[in-house]
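*Asks:* Fit chain B to the given chain S structure using the hints.
Chains S and B, in that order, are what the protein sequence lines are. Sequential numbering of the first sequence, starting at 1, is according to this note's numbering. Sequential numbering of the second sequence, starting at 1, is according to this note's numbering.
FYI, nobody ran anything at the bench for these hints, they're computed from the structure. Think of the CB as a built atom: it goes at the ideal place given N, C-alpha and C, for glycine as much as any other residue. There could be a bad hint or two in this list.
[Unchecked claim] From the derived model, a few chain B residues whose C-beta atoms are all more than 10 Å from chain S: (1) GLY58; (2) ALA66; (3) GLU68; (4) ALA70; (5) LYS77.
[As the list claims (entries may be wrong)] Cβ-to-Cβ under 7 Å is the rule here; a few derived chain B residues that face chain S: (6) GLY33; (7) VAL37; (8) ALA40; (9) LEU60; (10) ALA103; (11) LEU105.
[Claimed, not checked] Partner residues aside, some chain S positions facing chain B, computed with beta carbon under 8 Å: (12) LEU5; (13) PRO7; (14) GLU8; (15) ALA10.
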Amino acid sequence: MTAPLTPEGALAEQRRIADRVERDRRIASSAAMPLGLFGVASLVAAVVMIAISPVAVGIYWSVVGPVGGLFLAWWYRKRELRLPFDGPPTAVMVYTAVTLVVGALVLGWSGDGMLAFFAVGSAYVLFAAASDNRSTFQVAVAILALTWVAQLDAWTGLTGVSESTRGAALSAAVGISQLAGAVAERRRTTGVATTAA
Amino acid sequence: MTDPANTTDAEPPTLGEATGQLDSLVHHPVRLGILTVVAAVERCTFAYLKDTLEVTDGNLSRNVTALEQAGLVEVEKGYEGRRPRTWVSATLAGREALTRHLAALQALTSWSPEPPAAD
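Just chain S, with the same shape it has in the complex (with noise of 0.2 Å):
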């Protein structure tokens, strides 16, 4: 590409690599995979509490957890390949597989399906902090927020219901908080101008 260029030709190639590199930036900068592969399972997760038992989430937990989090590591680490980053994630996912992985086991394990959450939602916020992503950020949040509330032991006493049914609202809370973060990724991700201000 070193052929001199008439201006037709420099404003067409211009935008050729513009719309390249918004389309790499759409994929690198996207967290709606994640967010949307959580909130499908966290919406599995509700009919299971209900369907079988808040143990059977646990094991439920223990294999999509750590199967969802080293897809995800997988994911994330090939367009790390090929696409820059603002950061080290190579270290950040690791670091999230292996808390999806002790956080299903361990605290899925213990029958009680919200700390398998906590740990989930701690794996966005590592997700968020690889891919600098407010919105990704921002569900995190919500998602420890609303965890640590259902932990209280007076919101149980309070409303009154089964820690099962409890349970399968929160993860219900959850799903569709995560997939609305992917719908709202996919939008804000779409369309970023890619031409100087």
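*Replies:* Only chain B this time, still in chain S's reference frame:
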């Protein structure tokens, strides 16, 4: 964010003005590509520039150096884990130079000579 290519001023620059705003340093194909990429992101890796612009290491390095010496980009070397990384980012002057150059190109492409006066 304004797209310089779509700037619509009330008084478009004349041919002379547009030609005068062209920046020979920026107009080089590789350097125009570099500025386009780095102006779109906070910073990017040397490897990403090479992959996106499809140029050799030497060619890219020469042109990045030329832009750096002109104060249009900044180069930062460091490590990502154990891997050495070179990051390139646009300076404010670089973004402005790109904007001016694209506006001049746009003006040139839309310029048409006055029709000859009928005798």
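*Asks:* Could you check the structure against the hints above and give me the numbers of any it violates, in ascending order?
*Replies:* 9 and 10
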